[in-house]
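Chains as they are written, first to last, in this note's numbering: chain D, 44 to 300; chain C, 44 to 300; chain Y, 44 to 300; chain A, 44 to 300.
Be aware that a few hints might be false.
[As the list claims (entries may be wrong)] Facing chain Y, from chain C, some residues (calculated, C-beta under 7 Å):
| # | residue |
| --- | --- |
| 1 | Pro111 |
| 2 | Thr120 |
| 3 | Met121 |
[Unchecked claim] Result set (BS3-like, lysine-lysine): computed pairs, CA atoms no more than 25 Å apart in a straight line:
| # | chain 1 | residue 1 | chain 2 | residue 2 |
| --- | --- | --- | --- | --- |
| 4 | C | Lys149 | D | Lys149 |
| 5 | A | Lys149 | Y | Lys149 |
| 6 | Y | Lys71 | Y | Lys149 |
| 7 | A | Lys92 | A | Lys149 |
| 8 | A | Lys92 | A | Lys232 |
| 9 | D | Lys165 | A | Lys165 |
| 10 | D | Lys149 | D | Lys92 |
| 11 | Y | Lys165 | C | Lys165 |
| 12 | D | Lys149 | D | Lys71 |
| 13 | A | Lys71 | A | Lys291 |
| 14 | C | Lys92 | C | Lys71 |
[Stated by the list, open to error] Residues from chain Y shown here face chain C by an in silico Cβ test under 10 Å; the list is partial:
| # | residue |
| --- | --- |
| 15 | Asp112 |
| 16 | Gly115 |
| 17 | Thr120 |
| 18 | Met121 |
| 19 | Ala126 |
| 20 | Glu127 |
| 21 | Ala158 |
| 22 | Ile231 |
It is worth saying that the hints were derived from the structure and are not from the lab.
From the three backbone atoms N, C-alpha and C, an ideal C-beta is built for every residue, glycine too.
Here is what each chain is made of, one letter per residue.
There are 4 protein chains.
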Amino acid sequence: MNSLVDLNADVGESYGAFRIGADEELLKLVTSANIACGWHAGDPLVMTKTVDLALRAGAGIGAHPGFPDLLGFGRRTMQISPAEAKAYVLYQIGALEGFVRSTGQKMQHVKLHGAMYNVVSKDQVLASAVIEAVSEFDRSLILVGFSGSQFLGLAREAGLRVAHEAFADRGYAPDGTLVPRTSPGALIKDAGTAAARALRMMSEGLVQASSGQDIHVQADTICIHGDNPEAVSFARAVRQALESAGVKIRPLREFIA
Amino acid sequence: MNSLVDLNADVGESYGAFRIGADEELLKLVTSANIACGWHAGDPLVMTKTVDLALRAGAGIGAHPGFPDLLGFGRRTMQISPAEAKAYVLYQIGALEGFVRSTGQKMQHVKLHGAMYNVVSKDQVLASAVIEAVSEFDRSLILVGFSGSQFLGLAREAGLRVAHEAFADRGYAPDGTLVPRTSPGALIKDAGTAAARALRMMSEGLVQASSGQDIHVQADTICIHGDNPEAVSFARAVRQALESAGVKIRPLREFIA
Amino acid sequence: MNSLVDLNADVGESYGAFRIGADEELLKLVTSANIACGWHAGDPLVMTKTVDLALRAGAGIGAHPGFPDLLGFGRRTMQISPAEAKAYVLYQIGALEGFVRSTGQKMQHVKLHGAMYNVVSKDQVLASAVIEAVSEFDRSLILVGFSGSQFLGLAREAGLRVAHEAFADRGYAPDGTLVPRTSPGALIKDAGTAAARALRMMSEGLVQASSGQDIHVQADTICIHGDNPEAVSFARAVRQALESAGVKIRPLREFIA
Amino acid sequence: MNSLVDLNADVGESYGAFRIGADEELLKLVTSANIACGWHAGDPLVMTKTVDLALRAGAGIGAHPGFPDLLGFGRRTMQISPAEAKAYVLYQIGALEGFVRSTGQKMQHVKLHGAMYNVVSKDQVLASAVIEAVSEFDRSLILVGFSGSQFLGLAREAGLRVAHEAFADRGYAPDGTLVPRTSPGALIKDAGTAAARALRMMSEGLVQASSGQDIHVQADTICIHGDNPEAVSFARAVRQALESAGVKIRPLREFIA
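Only chain D is shown next, with the shape it has when bound in the complex (with noise of 0.2 Å):
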């Protein structure tokens, strides 16, 4: 049984008249927040509160950078050159710092957002760009990213500390990656079943892939998806059967070395 796990979900995603989320009783479950830096979802004023929100929970503070597609909320993917994907996470992160800054805290890691996230896990390229866009900030952030990927192997190699991502609401496939949101199985739907698949991932280091067969999975962290109407009820389930078997839910700081 793997002890230490820490629960994220991405928040501050409302901008301005448009509300999303329910981040006030999110932050009560999670342990580490993503929170949206204005390009795909966030602004200003969402920010400055969703910070505020996130210290008082206890949340370790992150950023989450994204796609410049409010649109598309940052789910659609854009052919950016490497120099726009370093210049794109500088100033994402950069404008969160301000609201962390203002308050006497830290910030604790960065995830990427959407098809940004995605896209890195692929290309070595833009992996490479986005890494050193964090290293040369803060080397002291954690880097959140897909478990097992190249993405946080080389962000590893640059002397970063890295959380390998899973995901207890989404199916996988029999090659370790997520089944696509337009395909069947992508979504799990239940709460309980969600709960069990965290569960497993922290006692065996497996998850049952939509093939059937079980995989391995390292799980640092598991996220709650916050644009889901059941993340309250998804959070408090995997939170409980955590911790009824033992299992400490912590943020990322307290124990990724």
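With chain D's structure known, arrange chains C, Y and A on it following the hints.
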């Protein structure tokens, strides 16, 4: 004779394929660079490049936050709340900090842009919100503002270092404000006249207003408008006039206490 | 008793992943739909779907142009020139026309949104610019504006058909303007009260101002605020009260001459 | 010798304070104007002015829709759905229609911009979505596309008039596609060479590919790139070469059946 002054210019105002300004040449002539932060102008690649250019030229680096109005180049007044003003400034200073920190250097100053610059000169509540943002981000930053403004007085009281800014290429009204851009006499169109006005600001602390009378003006830093096609020749003329008279032109960080 | 009235609501205010409003239900209750045009809210997919929903519900379709301020939902005053006002309205009416024409139908009306609505009620030059835009685009469009405003008077003079709009769910000041949203009494919070006020507007042409006195109000169309969580129940209450009293609720095109 | 051809140029690409292109001079030399619609470039004031300039120059007016990517000038591929493609085109054609109709004139054509132009040349489903948008908006519009593309074949089948576009200032690969901008030989840098290539397209229907071999190309309209600093001299050279050889240069509406 005031023997030390800074010359500042707005730079990094290009956006994607849209090019504005002669940054490279201008940065050889001024000592402080106000770098647009992506809202009224500028983008992450432009910020990357402009920070680099400014550092190589030895110019002090400043954040140049503006209204969220790329279409209006931040020159149109928008009705914002104090909470928004504070958050907008924190966001933009932070975003620039991303690029500055990645170079291992330090930001020198903050100067608001366009309509936001004007609004805080008149509205004490918004002024205080901006001062709060800068103070909470980094108390060692120098705040550049309109010479003699209440804004700078409040910043002083809040413990910030301030720099009084004068305009060699703009007409002054008898009350010490600038002649609006839409009125005759708003712009000094001759580089020699601008240079002479800059020199007199330093030697006598005076400038001739549009009414003909002399008014007092304190000039810690003199603005060279970067979006003026003549910006480079103006900067050169002002620089030569001042240096010939023995005025030393230095970045703010070297003499603002 | 004025026997005919239109009910209008702002719809199509969602933007990408950001959902706002109960458009489907609301469109069964109102007779005119003010469709956001992508600037303060709305996007092309939302416009496609909303035009379709409105047509199926038999509602008259209107363009709802606003300021270029998605972040502020078009509710913040921006300082724009008459040329900008005219161009901004032409752009947005045109954009909606794309979707309306693709269905083979006709646009019924234009109603400005938020701060732009308020600004033209007070500024005659901007009002004229907007009227010019609508006239040049299509002289058969009905212009909806604040009941009794000079804006509507100017539109009449320019040969446009106009609809006087009243608000059942907003407080009125003694001078006939709305109580600002930031003041007490701005919002009527009870559906029954709103319904009673709507009915009295029709039967007596009066509404009780915040001071207690009655003021005259002409109501060709009554606004139901779509971003109100209670919008649907308010619409239902107003509709029932009016219909019970024999007032026919019809789209503007059926009775505005 | 093909005796009739149109010259087209992208114009109206300025945005607010950001100026691009020599529209006024270029519009004296070309016969069709592709006007940016505010997404990848252009804004309502620029559209107003550009429609006016184009009409006074006698140029056919075309909508030039692009991706929602001002930062990337619409040149970056974005992953969009057919429903989005259709809606994005309707929105932008409609927006331009606002300005055209306000002058009492008619739009002549639609030409997609940048990455959207390229994407529909390769993706039949997106191509069909765009064709649907144009057809539903106005079946009399001429669709301009890459010479010989399946996109134009589909548009023909759908009953639209089409114009095959060739490029005098771009290199061609042996397979008839353009040499990518990032490869050597992408741009013809000499106005004389561009003019000679344009002439040969008309006289022989051939252009020499980068491999040295001749390939067929149908040129109903030849593109002059407006963002090229040499655009005006290229347009002049192409125009003179064609006119000297007896080719008449006319707007598409005068000869596309």
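Do the hints match the structure? See the list:
no.	hint	verdict
1	Pro111	6 Å, holds
2	Thr120	4 Å, holds
3	Met121	5 Å, holds
4	Lys149(C) to Lys149(D)	18 Å, holds
5	Lys149(A) to Lys149(Y)	18 Å, holds
6	Lys71(Y) to Lys149(Y)	19 Å, holds
7	Lys92(A) to Lys149(A)	16 Å, holds
8	Lys92(A) to Lys232(A)	30 Å, violated
9	Lys165(D) to Lys165(A)	23 Å, holds
10	Lys149(D) to Lys92(D)	16 Å, holds
11	Lys165(Y) to Lys165(C)	23 Å, holds
12	Lys149(D) to Lys71(D)	19 Å, holds
13	Lys71(A) to Lys291(A)	15 Å, holds
14	Lys92(C) to Lys71(C)	15 Å, holds
15	Asp112	7 Å, holds
16	Gly115	8 Å, holds
17	Thr120	4 Å, holds
18	Met121	5 Å, holds
19	Ala126	13 Å, violated
20	Glu127	9 Å, holds
21	Ala158	8 Å, holds
22	Ile231	25 Å, violated
In this structure, the hints that do not hold are numbers 8, 19 and 22, in rising order.
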